[in-house]
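There are 2 protein chains.
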Amino acid sequence: MKESLKNWKKQKVIYEDYAIFTPGPVKMSDEILKIGAMQTPYFRNSEFSDVTFSCENSLLEMVNAPQGSKVIFLTASGTAGMEAAVMNLLNKNDKALVVNGGGFGSRFENICASHEIPHTNFVVKNTNLSDIESLAPDEDYTALVVNAHETSVGHLYDLDAMGAYATKNNMLFMVDAISMLVTDPLDMQQSNIDVVIASSQKGLALPPGLTMVILAPNALNKVQDINSLYFNFKDYLKNGERGQTPYTPAVTIMLQLEARLNQIKERGGVARSIASAKEIATYFRESIKALPVKEYTPYMPNAMTTLTPTDGKSAMDIVNDLEKDYKVMVCPNGGPERDIVFRISHMGEMTKEYTDILINALHDYYGIRRT
Amino acid sequence: MKESLKNWKKQKVIYEDYAIFTPGPVKMSDEILKIGAMQTPYFRNSEFSDVTFSCENSLLEMVNAPQGSKVIFLTASGTAGMEAAVMNLLNKNDKALVVNGGGFGSRFENICASHEIPHTNFVVKNTNLSDIESLAPDEDYTALVVNAHETSVGHLYDLDAMGAYATKNNMLFMVDAISMLVTDPLDMQQSNIDVVIASSQKGLALPPGLTMVILAPNALNKVQDINSLYFNFKDYLKNGERGQTPYTPAVTIMLQLEARLNQIKERGGVARSIASAKEIATYFRESIKALPVKEYTPYMPNAMTTLTPTDGKSAMDIVNDLEKDYKVMVCPNGGPERDIVFRISHMGEMTKEYTDILINALHDYYGIRRT
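If you read the protein sequences in the order shown, they are chains V and H.
Sequence positions in the first sequence follow the numbering used here and run 1 to 371.
Sequence positions in the second sequence follow the numbering used here and run 1001 to 1371.
To be clear, the hints were calculated from the coordinates, so they are not data collected in a lab.
A couple of the hints might just be wrong.
[Said to hold, decoys possible] List time: in silico BS3-like cross-link candidates among lysine-lysine, alpha-carbon distance up to 25 angstroms:
(1) Lys1289(H) / Lys1327(H)
(2) Lys1168(H) / Lys1092(H)
(3) Lys1027(H) / Lys1265(H)
(4) Lys1222(H) / Lys1070(H)
(5) Lys222(V) / Lys168(V)
(6) Lys289(V) / Lys352(V)
(7) Lys1324(H) / Lys1352(H)
(8) Lys278(V) / Lys27(V)
(9) Lys1092(H) / Lys92(V)
(10) Lys1278(H) / Lys1289(H)
(11) Lys1168(H) / Lys1222(H)
(12) Lys1070(H) / Lys1125(H)
(13) Lys1278(H) / Lys27(V)
(14) Lys327(V) / Lys1034(H)
(15) Lys1327(H) / Lys34(V)
(16) Lys1327(H) / Lys1352(H)
(17) Lys34(V) / Lys1034(H)
(18) Lys1027(H) / Lys34(V)
Quantities reported herein were computed from a predicted structural model and do not represent experimental measurements.
Produce the entire structure from the sequences given, and follow the hints as far as they go.
Following this line, the structure appears as structure tokens:
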């Protein structure tokens, strides 16, 4: 067999043979995929600046950003967005309250430690922090940092309550919204959010490689000089004035982002996308009531369902069996709870029909008839 | 008109209507584009680890890396590769000799300054440094840093001579090969290169967003602990042992990279790709002899031709006129020489027939019959 043909076949298997319910990458729409097959255009011109401006305006509108907010487009994964936000907005004179409810909260904590930002590792469990006022340590903080959806376990925090607490205490409110944007509500003005970090391969349902940091005027005022070229927000803001980035952007993903943001508008706006994700998530959760699994947390987002086996089975074994026997990909917990919880994404181009593949596979796996 | 249709039409114009001779993004092959239109697969599994290993092995073979070399895959633009290499391999006890022959050499100098690496800004002009032995300042250096092809002006340095000088003086030899890999010769063992930085959107002819740092054992021994998560080579090396990256990789571009490296092998290997780029570059340079332009430097790579008008015309005007009147995109010099030099890429899926579009446009523009 010709090498390229072998290669092609392998790629077909990797791509097309599985039903995918992993929380990133997620299923993309045909319209977005088509753009991936086009030549990458030259980008140092006004045509591409218009693409950047269009993405910026649509994103700001989608999160109801306050007047004067800006978007930074980083060619990088989400972690770079988290790290760059900390590097550009916090320093040794700050004191950050970092919510740590799992693997991603722990990552924010590592980032603050690595950059020597004074902080408290605020370990939380079994709360969505609607009671943050009473739970938070009684100390003076300058910033509140959280992953709106702690993706390692599927736990959604109460952004309104956190924002009210941050505002009352004059704290910068920094929110990683990577795995809940588009599927769960986020309103910068309503929740008094100063920084939103988003990424291409979750609810936005694009290929991975593009991360956005949205800065409200409060955050823009705090952008400082830092010892970094690639993560230097001042450079990005300066170039952003003419719709450009200091270094080569992920051009193709930017074009896909523009199309995707227009698609969301045409389909009825982000509220409609959120309602649709909620509908799918509810449908899934209702349809598996007869199975020996239970919801891991009462604070689940629309983006994802996390399940715990109630019959003593290992969650990791279930993940492996579904892949091997049913060609259905769900996701383990990457950390210490790998045997206790597995994760099912409802992000991306999801329908009830597509979700039925997983629902039916789970019923067959347990030998329980779907009712 | 429906919004999506308007959007689509605009994208068609951005993508398809122009003949592109810009040094990144460059023209891609149909095989690579097809992969861009497929669903991004889940990647935390052995199938994707195999993709990573395949990319690593093919890259190491392509640059004739010494036994024990490793590749770090960064989801980022090329500048991140330059900065990450400096951050992970140099520190305050080093003294770097940084070759600065234009915009990209100047960027390396900024990176060293930003990270407080002691260094000399070694400004060079009208030399390919085959005489580096006599030109270099007579000081003790620990590292030699260069952009093999200074892309801002199309100037190729003599890596053999530089490597011999670095070895003789016990210096780490760090080479940004971003805009010459695949089109111009690079041999890590022959030139005693310790670090090679490569990027997806130049000679590799893939979409932008993936950068690779190749580390020879000499460099691997120097990898140090640093205050960064996203650029922490130790994490990448540890995860690389199982074919993974610490953070979400540019999955689609990785799959395109695997296919592209196989394509290069099937077409006769990298030597054949280099010969082909040389043939196209020579064809172009021979075909425009009658026009009032001259080659900007005697040290041009196969990757690119840089031209200076000899009739007093502004280079920037020529770039704009070609785009407006002929739908042909060539590239200005982004710096102070914008009126003196313009740039024509021969990287990517180039043929003589495609190059004829530009040759004919230039003849028509000057009103000179092509002979």
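So, going through the hints one by one against the coordinates:
no. : hint                    : verdict
1   : Lys1289(H) / Lys1327(H) : holds, 22 angstroms
2   : Lys1168(H) / Lys1092(H) : holds, 22 angstroms
3   : Lys1027(H) / Lys1265(H) : holds, 19 angstroms
4   : Lys1222(H) / Lys1070(H) : holds, 13 angstroms
5   : Lys222(V) / Lys168(V)   : holds, 18 angstroms
6   : Lys289(V) / Lys352(V)   : holds, 16 angstroms
7   : Lys1324(H) / Lys1352(H) : holds, 23 angstroms
8   : Lys278(V) / Lys27(V)    : holds, 17 angstroms
9   : Lys1092(H) / Lys92(V)   : holds, 22 angstroms
10  : Lys1278(H) / Lys1289(H) : holds, 17 angstroms
11  : Lys1168(H) / Lys1222(H) : holds, 18 angstroms
12  : Lys1070(H) / Lys1125(H) : violated, 34 angstroms
13  : Lys1278(H) / Lys27(V)   : violated, 42 angstroms
14  : Lys327(V) / Lys1034(H)  : holds, 23 angstroms
15  : Lys1327(H) / Lys34(V)   : holds, 23 angstroms
16  : Lys1327(H) / Lys1352(H) : holds, 18 angstroms
17  : Lys34(V) / Lys1034(H)   : holds, 9 angstroms
18  : Lys1027(H) / Lys34(V)   : holds, 17 angstroms
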